[in-house]
Amino acid sequence: MIEAKKFQRSYNYAFIDEATKKEIRRKLLKAVCIPGYQVPYSSPEMPIARGWGTGGLHITLAIIGREDVLKVIDQGSDASVNACNLRDFIQSTAECAVTFDALEASIIQTRHRITEERLRADQIMVFQVPLPEPLRDVEPYEKKTREMHAEMDYAKMWVSLYEAYVQYGALMDGAGYPVMVNGRYIMSPSPIPRWDVPNLHDSDCIYLFGAGREKRLYAIPPHTQVQPLEFEDVRFHIERFLGTPCAHTGEELAFLDELYNDQGEKSHVINDSNYLDKLQAGEVVFQHINPYLTQIKDERNANR
Amino acid sequence: MSATQTVKPWQLKVQGLTKIYGAYNERSVQLTGPKYDTNICPETNSIVACADIDFELFPGEVLGIVGESGSGKSTIVKQLYFDLENTAGAAFLAKYGEGDINILRESNAKKRFIRNQLMGMVYQNPREGLNFLFSSGGNIAEKLLMAGEFHVGKIRQRASTLLERTEVPTARMDDSPNHFSGGMQQRVQIAKAIANNPPILFLDEVTTGLDVSVQAKVLDMIRELQRDLHISMLVVSHDLSVIRMLTDRTLVMKNGRIVERGLTDQILQDPQHAYTQLLVSSLL
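Residue numbers (the numbering used here), protein chains in the order written: chain A, 1 to 304; chain B, 305 to 588.
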């Protein structure tokens, strides 16, 4: 008797049908060819609602294979509900291995963080993006923002930065700080903290961004110029944690969470759970190298 | 003309500028104009807002365009400032491509460059020229940023110089123009328009809607700026007293055509065309 293997599973490998996965991969190729440009794509139905990480999920499922090792992080944590469920879902449909270790992973799907640990050329980082359009705050109409990108008409964006400086005395955007990619497109790096923004520049790994609700993909290929928007005399800077070390490791040179206990006492803890685990286990971990981090490092060493 | 002759005597040259709304045919322009006292084509019902407009604007000159409402004055400046797309005709700038390129056929990016670097525009309604979501300093900064000035300190210095020039209190630089009086809004608009020292400034009914004493002040200021900065200006107004006060030369328009042109004094003293005579005689 012939066994109908094809229908033993109620879904295709990696959940999405092959034609749609091919479409997403083609759009990704386009996104890689035009760094920072938002490519419209199909954003197919998923078992979770659009806007709950579907953009990242689409990319991961379109590029994953059985030999891949997957890591999913949500705001730096491998253990949050969101991260666990997405990881379980991808593992069960794509039949791949999963890990917490940033070095072991071949694909890292993330929400709002880049790993503290330096990434290699054979790794792919996939971002779940809520709002892909950096110009949305200054221009509500999609038709207009697309024209502005096409013609590199970024006057309004710059004026809004100027206004922020005039009103608040600083360049304000905390997360999702706008960047200029390859000297051409202004891009929203998804709401990663400013701490992570310099790590997009000239990286070894590839960064892919998916916004499921807004149906847009974009990419930063390896070794691309990525510059945060800044003025000649008002510069971009990253968060500083000197003087508020991590309560578990004493580390000051990592992105820290501010936590309060029931007594209202404040403490700081490293946000990247895998990085924290490795430091606590006494492992040697190599961080990303960027001039902003180096400057803070030098400052700390000088004070010692 | 020899190829070596590159210096143009004019700052701006307009040739055959035409704007028609609606579907038109080849007779639309012929069947409209002052001769027929209409700008609606009887065959197609298209509206010929302006047609066959030719003129030159010379360096440091103030040229007036006067005419009744609907005569096509504003249509001309709006086309030259790229707010409206023209139907036919060409415009040349001496300071752009050595005066040999029709700026009306350039790409949007190049048009934006021309708008930001080589032209300034002051609209009748400040809401058209200013972004009320930004502070008045921010509005001026927009022009400077687009000209490649990315130093906040220098931008603020230049903005306060400009606002001082146009008699807006610099203490209010970071306020939205929303909180300003009409005359102040108009002065901020002028400051923005001249931010990059453009060789050409378009003024479209700048004093209409301001009360008489404020009108006089704004006109005085425009005259002073013109004298100091030597900007070529194209002044559009339905108000002959504004034209008399500001301009050297005047074009009189009716039904989308230029019906008379000449030195302003001459036109006011000795109007030739019947319509101009009517206009001058009705001057209070």
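It is worth saying that the hints were derived from the structure and are not from the lab.
The beta carbon of each residue, even a glycine, is placed where N, CA and C say it ideally should be.
Certain hints may be false.
DEER-style ranges, computed between Cβ atoms [said to hold, decoys possible]:
| id | chain 1 | residue 1 | chain 2 | residue 2 | range |
| --- | --- | --- | --- | --- | --- |
| 1 | B | Glu468 | A | Glu142 | 34 to 44 Å |
| 2 | B | Ile405 | A | Tyr141 | 51 to 61 Å |
| 3 | B | Glu402 | A | His223 | 34 to 44 Å |
| 4 | A | Gln167 | B | Glu402 | 55 to 65 Å |
Hints versus structure:
no., hint, result
1, B:Glu468 with A:Glu142: 34 to 44 Å, "holds (40 Å)"
2, B:Ile405 with A:Tyr141: 51 to 61 Å, "violated (31 Å)"
3, B:Glu402 with A:His223: 34 to 44 Å, "holds (41 Å)"
4, A:Gln167 with B:Glu402: 55 to 65 Å, "violated (44 Å)"
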